[in-house]
Every structure is written in structure tokens, then in C-alpha cells.
Amino acid sequence: MTKAFPTQEIGSLPKFSWRTKPFRLLALTDDDLEGARQWGERLQVEGRTDLYRTLSKRYAFSDEEKKQIVDFSLLYAIRMGETAGEGLARKPGLDLVWSGEQARTEMYETPVSNISGFEFIGRVRSFDNKYWRMASVRSPPKYKENYHLEELLFTKEHSGRKIKVPVTDAITIMAWSDNNYYTGKWAKSGRLPPAKRSFSARREFTLELAKIIRRVIRDLIGRGVEEVQIDIPAATQYQSEDDIKLVAESFNETTKGLSATFSVHSCFPPSLGYGILFPHLLEMKNCERFSLEYGNRDTFERGLDAGSRAGFEDLKLFKEYGYRKQLGVGVIHIHTDTLPSVEVVRDRVLYSAKVTDLPPQNLYINPDCGLRTRRPEVAQKMLDLVVGGAELARRKAG
Amino acid sequence: MTDYKVSLTGLHARNEKTIQATQDWERSRINEAALKATFDKDCDSIVELQKHVGAEYITDGQLTLAWQDLFRPISSGFEGVEPGPMVRWFNTNTFFYTPVVKGPISSDGKVLSRAIQKRFVNHGSSLKIILPDPLTFAELAEDRHYRSKEKVLFAYSDAIRKELRKLSSLGVKYVQFSAPSLVYRLTQKPFSSAAVKQLGESLRNALKGVSMRSGFYPFFGDASPYLPGLFDVIPTDDIGVDLTQTDDSSLSPTSKGIIAGVVDSRTTYLEDIALLVSRVERVVERTGVKTLTLAPSADLRYIPRESADEKLELLGRLRARVRHRTDSPKAKPPGRRGSK
Chain W
1 MTKAFPTQEI
11 GSLPKFSWRT
21 KPFRLLALTD
31 DDLEGARQWG
41 ERLQVEGRTD
51 LYRTLSKRYA
61 FSDEEKKQIV
71 DFSLLYAIRM
81 GETAGEGLAR
91 KPGLDLVWSG
101 EQARTEMYET
111 PVSNISGFEF
121 IGRVRSFDNK
131 YWRMASVRSP
141 PKYKENYHLE
151 ELLFTKEHSG
161 RKIKVPVTDA
171 ITIMAWSDNN
181 YYTGKWAKSG
191 RLPPAKRSFS
201 ARREFTLELA
211 KIIRRVIRDL
221 IGRGVEEVQI
231 DIPAATQYQS
241 EDDIKLVAES
251 FNETTKGLSA
261 TFSVHSCFPP
271 SLGYGILFPH
281 LLEMKNCERF
291 SLEYGNRDTF
301 ERGLDAGSRA
311 GFEDLKLFKE
321 YGYRKQLGVG
331 VIHIHTDTLP
341 SVEVVRDRVL
351 YSAKVTDLPP
361 QNLYINPDCG
371 LRTRRPEVAQ
381 KMLDLVVGGA
391 ELARRKAG
Chain F
1001 MTDYKVSLTG
1011 LHARNEKTIQ
1021 ATQDWERSRI
1031 NEAALKATFD
1041 KDCDSIVELQ
1051 KHVGAEYITD
1061 GQLTLAWQDL
1071 FRPISSGFEG
1081 VEPGPMVRWF
1091 NTNTFFYTPV
1101 VKGPISSDGK
1111 VLSRAIQKRF
1121 VNHGSSLKII
1131 LPDPLTFAEL
1141 AEDRHYRSKE
1151 KVLFAYSDAI
1161 RKELRKLSSL
1171 GVKYVQFSAP
1181 SLVYRLTQKP
1191 FSSAAVKQLG
1201 ESLRNALKGV
1211 SMRSGFYPFF
1221 GDASPYLPGL
1231 FDVIPTDDIG
1241 VDLTQTDDSS
1251 LSPTSKGIIA
1261 GVVDSRTTYL
1271 EDIALLVSRV
1281 ERVVERTGVK
1291 TLTLAPSADL
1301 RYIPRESADE
1311 KLELLGRLRA
1321 RVRHRTDSPK
1331 AKPPGRRGSK
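Residue numbers (our numbering), protein chains in the order written: chain W, 1 to 398; chain F, 1001 to 1340.
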């Protein structure tokens, strides 16, 4: 891309209540229907009156109607990305879009539900009152079916922009799962030191998963996908040198022999920061772009000095290691409704360019992570800020 | 003769009803009173299970909103500290809000007593509280005030002392300092002996005039670089070792109590009890320990509640087995809860 500071989303967008309730067997209320109408008009979603008609039934939707509801949620999400920044930018819209992972239960649950060997065992708290449904691996994982194909075909058909498919990687599935099977298998290797035993269990599990995910991606590429984002939020979870090497090994195993543009997303590292990933991160030879979260740790002050832009310190690492490919810079913290001003976002973009010394066309701008935990109106504002902040930075940079 | 105990070593998992209640409360589907009633029931069940497995010091699970993370009562309740950016908690898929030190750290001495379930004090068991140790606080806090880890270490321990005195006066009997930062040194060298000595001083400062039993538990890493000196430098009654990360051959004789993290809190895989028994016996043989607390390797919040409880029950069975072997090596040990 030759445009300076191109923009992208990271993957997920919030689900509207009219999207979730029919699947939880809850009746739709007037507010739900009004939400569908208001957003449908605002986003000018094509064929939206068909959705309104279906939703007016309010409950007991057939499978066909549920499918239609999911399709419309994909459409709403695509349009949110394509219209982001209206009123803030001359040419609104993200440069790379996706359909907000509306067809997925969630980035972990969907793949795990479609790979054999797993059993869901209950919810685990991630932070505050946020939980994930943990699955336990009870036998070697095996490919069942391509769990992203349908959403890809729909998104490809209905998007007017370049698309990027987010795919959850093996490390993350391993790290968020209960590694029951491989822990048991390696527990019998009594001669290994304890830490080595648990690493061996993690590695074997990860590499089995990587083969399955490669097959999923290979089929997506066969259906015309040009860009794939490998989602590794757990890249910084296990932090030993062996584990960091495994992150790179897993990525290389996943993308081996595949021809597409690959990027990597990760977020929320430990207090040591992203530094723990270096230099092994750079062994991901097929990776064209690292899209990482920075906004979370930044101040709300305007300015291009290191103090105002404290959250972006880690970006210097890329320059120190001589990295010259692309970066995706997270400029919006996604776990709060408190938003920075568009000028602060602009300064975050400009500071990122300054400390990385990368050409502006190599610096993608995005929220820190997927926006699924926000309300739709907040998520939209966040995408607006991404597009608006990048535009202001473009003007300033000339 | 070794006295075997069982204890939790961290925040416990919430049960499904509580999880649902927290989400319903966030969406205004239930009120605060209903949420509290759900938490109360959950805490009751954790206390009951600890009693069942023979825990002498019980926790209330530390799973209410006050303990959203181990730092939260401190970062929300101490003067001079505020919750800041969200950061990953060591090598887990859980996160905490960084305590940001913006001014002199102090407390009114009542912050932690507001965070515990006081109804469990003198409730037939002795209540235990688990807190971050001064080193972990100093390492993970963002210090914008003192600009000195040493000063943060001692300012934190001063504030904690005030809190512990209050808790002690209320009847809390045990404090465990959780110290993952000491041993979680994957890319860094172990702390110097001078730094560990300073940590010992800060703990001595925190425990001055406090009349409760104390433990120090470094987990998530290999303690062997600090052994055996750690047992001499750290002034607590019990010292913990995460045996899922530390080889037991690094242990040596001690007159202190040991918290043995023998059961892996990071997986539902239930360890072979015969292997656990032999491991515990090796620890006893190497150390001659008088008080050995059998424990999960860390908090049990990393696996779903049912599995967390199974791990605790496993510890109860392990205790019964090792006690039984000590008393009468050939007799049959007791079975599982509910088994006929």
C-alpha cells in the first residue's frame, strides 16, 4: 500500500443484541428492533428492510432466519469498517476490513469447537468480570472442518475494500486451553526437570495445532484470500526463551508453504513489555507486519515527547533490531469507554513514525485489539478515531 | 514427626453461578444485594471444602469484586496508589491493573479488613489472607513518586504492617506473602543476595508487632538459585517452594515450615497420588521439616471451579495418605469425599 498511515481493524466488533438474542432463545424487544433500524440507516446497509421484517417476528426464529440474521450482522460490521471516520476524514473507511468476527462465537471458542480432541470444562476469569470458556485437550487434536470458509466467502462478496482474515494461532489455542492430555503424557518423563516437562507438553500440543491451522488457511487462500492476520494474543504469555522461540516456530509451521501476505497481532504483554519477544520474533520470516497494542499504556496528553507518549516506548525495539517491514500500531485502548481526542491519536501516530523511523506507508494504524467487548456506539467511535487520527497525521506529515 | 497441613495459596476460581451473577450485575439484571448473596454462598462452599480436606488456615477464596486481582484492594484503597494500565499476570491468561504509585503510600489500616469476609474469622477455623509480597509489589508497580524500588519496598511494607495489625486484632491468624517476582526470572538473572536480604528486611518491617503466623511463597519459577539461603533471610514462619518448577533435590534441612506447591494449579490433569506421596516423602527426608503445608502450585483461579475443587480434594487425599503412612505404613488410607 502506498498510502501513508493506512488503517485497519484487528478483528472483532461488538455483536448487536438482535444478533445474539435469537441464539440464546431470548425474545427481541422494541429496543433491539430500534437498534437494528438506527444502525441499518446510519450504515446504509443494503437490503436492511428484509432484516427488519425477519426481526419483527421477535422470537422462535428458524435456522434459515438465524442464518439471515448472522449474514446481516456480517454486513453491518463490514459497513462499520467501510464508513469509519465519517465527519473526521475526507475519505472515510478503513483500508483493510473484516466482518467483525460476527459469524464466530469468539476467537478461541470457534476453532476449538471445530477441532476434535477438546472438551469444554467451564469458564475461567481473565480479568475483572471477564471470562473465557476453557476447553481441555483430552486426546491429540484433529482437523474436522474449515471453520472460517463461509464467513470468508460472504465477506469477500460483500466488501468493497481489501480484506484481511484474522485466524487464531496455535500458541493462543494452546495457552488458553487446559493442556490435560499432553501434561499427562509428559508427566511420565520423570527424568526431565519440571519446567522442561511442561514446556515439552506445550510444544507438542502447539505443533499439532499448527498443522491443523495451516490446513484451514491453505483452503482460505485457495478461495482467494490475499491477506491473513495470525492472531497471537498469547505470544507473550509463556516467556521463557524456549517458549518465545516456539511462538516463531509455530508461526513458521503454520505458514509453511503458503503464499499470502501474513501479519501477526498480539497484545497485553507482561510488565516486561514486548522486549521479551526479541530477537526471536524476527524469525517469523513470512510476517510482513506486526500489529501490536500500545494505546493501553499511553497518556491522554497531546505531544510528541517521550513523556506524553510513554505507552509507545517499546516501538523503539523495532528500530534497534533494524526492522524495516510494516508495523500496525494500536492507538486506542479497547478496555475502556474513555476515549482520547483525535489530536492525541494523531500525536500517537506521528510519534510512532518518529521512533520507528519507518516510511509512513509501512505504519498501519489500528485499535489495540478487537472491539468485541465495547458497545457498538463506542466501537464505532474508536474506529472513527483510528481513521480520523491517521488523516490528521497524514496532513501534519505532509 | 512431620505435621501435614493443607492450604490454598491464592485467589480461587469463581463458580458458574457467581460468574453468571457478576455478568448479570454488570448488565443491571440483578442488584448489588443479589450479587453479594451469590458471592456469600460461593465463599461458604470454599470454606466448607477447605474444612473438609483438613485445612487449618482457611481463606474465603478471595474471589469477590474486592479481589479482582491480587493488587486491587491495595491499588484501589491505599493512599498514593491507583490502578493503572492492564498488564498480563506473569505467564497466565489473566491480567491485572498495574498499581501506579503517585504519592507517598499509606493506608488507614482498614483497607484489607474491608476486603475480607469477616464472618469467617473465628468460625471454627483460622482465617488466612494472601497478599502480594513487597518485592512483587515494587517490581510490578509503576513508581512515579519515589523513583526508588527500595523506597517502594519499605513504604509498602509500612502500610501493610498497619493493615496486618488491624487484621490480627480482628482475629485473622495467617498472612501469606505471594512472591512470584522473586523466582519468575526467565530472561533476567536471579536477584542478588543483597536484594533478597533487603526483601527480608522489608518483610520483617511488615510483620513487626503482628501476631499471626506468616508464610512467604514464591511461585511460577524455580526457587533453587535462592536455596538454602532463602530460609534464613526471609523472616516468615513458613517458606514456600513451587515444586512444579523447582526440583526437590535443591531442598536441605530447615527448622522452618515449608509450603510445598506439589499440585499443578495450571492444569486439570490430576497427578498420580503415588508419585505425589513419594515426592512429599522426599521433601520430608531432605529437609526434616516439622510443618509441611501441602498446597497447589499457585492460585487455583486458572482452571474452572469444579477442577479447582478437585485439586484441593486431591491435596486432602494426599495429606490423609502421607499422615497415614507416617502413622501406620501398611494401613489403607481414607477414600474420596462421597465415595462408599
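It should be emphasised that the hints constitute simulated quantities derived from the structure, not laboratory data.
If you're wondering where the values come from, they're calculated on a predicted model, not measured in any experiment.
C-beta atoms are modelled at their ideal positions from N, C-alpha and C, and glycine is treated no differently.
Keep in mind that the hints are not guaranteed to be accurate.
To give an idea of the interface, some chain F residues facing chain W are shown, with a C-beta separation under 10 Å as derived from the structure [to be verified]:
hint, residue
1, Gly1084
2, Asn1091
3, Thr1244
Restraint satisfaction for Thr1244 of chain F [CB to CB of chain W, less than 10 Å]: Check passed: Cβ of Thr1244 of chain F comes within 5 Å of chain W, closer than 10 Å.
Gly1084 of chain F as an interface hint toward chain W, with CB separation required under 10 Å: Holds: closest Cβ of chain W sits about 8 Å from Gly1084 of chain F, inside 10 Å.
Interface hint outcome for Asn1091 of chain F [beta carbon to chain W under 10 Å]: Holds - the Cβ of Asn1091 of chain F comes within 10 Å of chain W, reaching about 5 Å at its closest.
In this structure, none of the earlier numbered hints is contradicted; all agree with it.
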